[in-house]
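K.L.:
Sequence:
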Amino acid sequence: GEKNVSAQLAQAGQRLTFFEGFIGYLAPKAPLLLTHWMCSHCKDYAGGYWEYFYTSNGTCFAVPGFEGKKHFQILSRGFSAEMSAEAAGVSAMLTVLKCLAWQTWSENGNDPLIGKLNHLESALWEYALTLDEKRVICMAVA
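Position 115 of the sequence shown, counting from 1, maps to 115 under full-length UniProt numbering, and the rest follow consecutively.
Certain hints may be false.
[Claimed, not checked] Think about it this way: if two alpha-carbon atoms lie no more than 30 angstroms apart in a straight line, the pair counts; the simulated DSBU-like pairs of lysine-lysine are:
1. K69 to K98
2. K43 to K134
3. K116 to K98
4. K98 to K70
5. K116 to K29
6. K69 to K29
7. K69 to K134
8. K43 to K29
9. K29 to K134
10. K98 to K134
11. K134 to K70
12. K29 to K98
13. K116 to K134
14. K98 to K43
15. K70 to K43
16. K43 to K69
17. K29 to K70
[As the list claims (entries may be wrong)] Between beta-carbon pairs, the in silico distance windows are:
18. Q73 to W102: 21 to 27 angstroms
19. E20 to F79: 28 to 34 angstroms
20. S122 to G13: 27 to 33 angstroms
Hints were generated in silico from the structure; no laboratory data involved. Remember, predicted model here, so these are calculated numbers, not experimental data. Ideal placement from N, C-alpha and C gives every residue a C-beta, glycine not left out.
Can you make the complete structure from the sequences, with help from the hints?
P.N.:
Next comes the structure, spelled out in structure tokens:
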């Protein structure tokens, strides 16, 4: 059956090194790539504070700070839909983890971080599939 995967907000003191614990030396790239994903796919996103979350199955994601839902368009996928901040953040993080895995693999196919990135992505899919907006996340990313 489906495991019950939950998310917990990272405390302020954990923010500085949050991504390092998950993706090591790639950590500085994560916030930049997340913001790039948002700016590329949401016209009315103007930047802002992101909340960081741990999941009970050992992965992470970040949620952009906006209320309600915003409109997202991913032209390459023929995707156009409304998403909450959490759904957008999970979608962005899934994309970033895959992107970092490919980037790392292209630079060094033996880097042990590739397996870790793939594991983090799989675990985040497990969490994503527990959300009410799982269908829209699948359309945006899968």
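K.L.:
Please go over all the hints and tell whether each is borne out by the structure.
P.N.:
Evaluated hints:
no., hint, verdict
1, K69 to K98, "holds (25 angstroms)"
2, K43 to K134, "holds (22 angstroms)"
3, K116 to K98, "holds (11 angstroms)"
4, K98 to K70, "holds (24 angstroms)"
5, K116 to K29, "holds (16 angstroms)"
6, K69 to K29, "holds (26 angstroms)"
7, K69 to K134, "holds (15 angstroms)"
8, K43 to K29, "holds (22 angstroms)"
9, K29 to K134, "holds (26 angstroms)"
10, K98 to K134, "holds (18 angstroms)"
11, K134 to K70, "holds (16 angstroms)"
12, K29 to K98, "holds (13 angstroms)"
13, K116 to K134, "holds (23 angstroms)"
14, K98 to K43, "holds (23 angstroms)"
15, K70 to K43, "holds (9 angstroms)"
16, K43 to K69, "holds (13 angstroms)"
17, K29 to K70, "holds (24 angstroms)"
18, Q73 to W102: 21 to 27 angstroms, "holds (23 angstroms)"
19, E20 to F79: 28 to 34 angstroms, "holds (31 angstroms)"
20, S122 to G13: 27 to 33 angstroms, "holds (28 angstroms)"
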